[in-house]
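Enquirer: Given the coordinates of chain A, work out where chain B should sit on it, guided by the hints.
Protein chains: 2
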Amino acid sequence: MAYDGTNFAGFQRQPGQRTVEQVFSKAVNKMAKDPAEPVVVFGAGRTDAGVHAFGQTVHFDLPYEINAEGVRRGLNSLLPVDTIVKTVAIVPQSFHARYDTVGKRYWYRAYQNEFVDPFKRNYTGHFKFHADIERIQQALPDLVGKHDFTTFVASGSQAHDHVREIFSAEAWALPNEDEIQFEFCGSGFLYNQVRIMVAVLMEIGQGRRAVDCIPQLLAAKNREQARGTAPASGLYMKKVYYEQSELQADLNNH
Amino acid sequence: MAYDGTNFAGFQRQPGQRTVEQVFSKAVNKMAKDPAEPVVVFGAGRTDAGVHAFGQTVHFDLPYEINAEGVRRGLNSLLPVDTIVKTVAIVPQSFHARYDTVGKRYWYRAYQNEFVDPFKRNYTGHFKFHADIERIQQALPDLVGKHDFTTFVASGSQAHDHVREIFSAEAWALPNEDEIQFEFCGSGFLYNQVRIMVAVLMEIGQGRRAVDCIPQLLAAKNREQARGTAPASGLYMKKVYYEQSELQADLNNH
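Heads up: the sequence lines are chains A and B, in that order. The first sequence begins at 1 in this note's numbering and counts up one residue at a time. The second sequence begins at 1001 in this note's numbering and counts up one residue at a time.
Pulled out of the complex, with its shape left as it was, chain A reads as follows (with noise of 0.2 Å):
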């Protein structure tokens, strides 16, 4: 599914909040006649308040069978207009949206420019001062590989492991649009951290923080070496990735 996550207070439910979990559930248990035991719906990732999505994934047990095109049809006729279901698969019992992923691509646009632009407010992350793409191009290679991340998680994370794997990062500048975009595809991220990241990088093409820094900040391992946190406007989760074929199908496309 995609949402544009402006509107809603990230995906996971909370009590009195807006947000994409809440209407997707409604939308499911309203197609499925408001059984006596609510459908659950999980996730494959949760989004913070403000992150889109243009392919999150999530799964639930419907109590009778409904066709995937019928379910395509009938939840998007059901979901608010910044939501969208774009494929439906029926898939066995024992898949599990968040368990069985083995990969998640993320997209971060930075528009770099003294004011805010109108359209792009919602849509990406505004950073006031110019960055320099070459010396964020030199620094990703830094990223790629088997790290412990504990610099680049935000202190709510849950996580006890903070190793994950980044498969490949990396960055290109649209100049007409003064925008930089990044593309990060890994095993998995920790909480916030490719907006940490993306902080991270645009401070090194600032020429505020060293092109070889990473390595430190990696070995450090303290969150307060890397402070800063990209906004969640310009985060998009792109894709989730549930076969080793397909996850490399992409790394070589990349």
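Some hints could be false.
To be verified - Heads up, simulated DSS-like pairs for lysine-lysine below, C-alpha to C-alpha not over 30 Å straight-line:
| # | chain 1 | residue 1 | chain 2 | residue 2 |
| --- | --- | --- | --- | --- |
| 1 | A | K128 | B | K1026 |
| 2 | B | K1128 | B | K1033 |
| 3 | A | K128 | B | K1033 |
| 4 | A | K238 | A | K30 |
| 5 | A | K120 | A | K86 |
| 6 | A | K120 | B | K1221 |
| 7 | A | K30 | A | K146 |
| 8 | A | K120 | A | K238 |
| 9 | A | K120 | B | K1120 |
| 10 | B | K1120 | A | K238 |
| 11 | A | K128 | B | K1086 |
| 12 | A | K128 | B | K1221 |
| 13 | B | K1238 | B | K1146 |
| 14 | B | K1128 | A | K86 |
| 15 | A | K120 | B | K1238 |
| 16 | B | K1120 | A | K128 |
| 17 | B | K1086 | B | K1033 |
| 18 | B | K1120 | B | K1086 |
| 19 | A | K221 | A | K128 |
Think of the hints as simulated: they come from the structure by calculation, not from any bench.
Expert: Chain B alone, transformed into the frame defined by chain A:
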């Protein structure tokens, strides 16, 4: 100036409503240190609630001299994030943003898909049924030229004379985006004229009207013959012209 019209009740000041004129006027007066006689702002055209602008033009008289760059930066520091001043010029005392126009250019984005796209919902008009771009392109030349557009004006219009000249009318498809885009350049447009023209053109594309229906619609001079109005969210005031030379140059480039 540019603005994202989503959260505005249009351009024109209205009691109790958030309008572009109101927030802009507030910023101008704050920059001018709230003079005893408030600075009045004049826009080139009034856009409706939800309509966007890339090139709205506004003029005002400041009680003292500020250089153009100082005005641009000062206003952008004071304006909300869904508006921005792109360029500022000092003009002769006689200049009037509304009465000195020699042409205007509007852009329209029509999204065609059964369901709304979360990321386009505020930035396109949504059309459930597919329209054929070739049928639209065949019909477009019938709108070009000097016509009485009474059939294409909304009932709230205060204009007495409904004769306007359209200099150019174009449409093209973005198949990968499920979009059809329109651009109209003319001497000026009546209330809702562009949105009514788009609604008729989309109906032509969908096969619900004949390709050659426009001459009859114009001749009828009857709003009831056109009926529909395309959604405000797809409309952008792209450019306002004050010089014949600039208008001609743009028309020659298209």
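Enquirer: If a hint holds in the structure, say so; if it does not, say that too.
Expert: Checked hints:
| no. | hint | in the structure |
| --- | --- | --- |
| 1 | K128/A to K1026/B | holds, 24 Å |
| 2 | K1128/B to K1033/B | violated, 50 Å |
| 3 | K128/A to K1033/B | holds, 26 Å |
| 4 | K238/A to K30/A | holds, 27 Å |
| 5 | K120/A to K86/A | holds, 24 Å |
| 6 | K120/A to K1221/B | violated, 41 Å |
| 7 | K30/A to K146/A | violated, 43 Å |
| 8 | K120/A to K238/A | holds, 18 Å |
| 9 | K120/A to K1120/B | holds, 13 Å |
| 10 | K1120/B to K238/A | holds, 17 Å |
| 11 | K128/A to K1086/B | holds, 16 Å |
| 12 | K128/A to K1221/B | violated, 52 Å |
| 13 | K1238/B to K1146/B | holds, 21 Å |
| 14 | K1128/B to K86/A | holds, 16 Å |
| 15 | K120/A to K1238/B | holds, 17 Å |
| 16 | K1120/B to K128/A | holds, 26 Å |
| 17 | K1086/B to K1033/B | holds, 22 Å |
| 18 | K1120/B to K1086/B | holds, 24 Å |
| 19 | K221/A to K128/A | holds, 28 Å |
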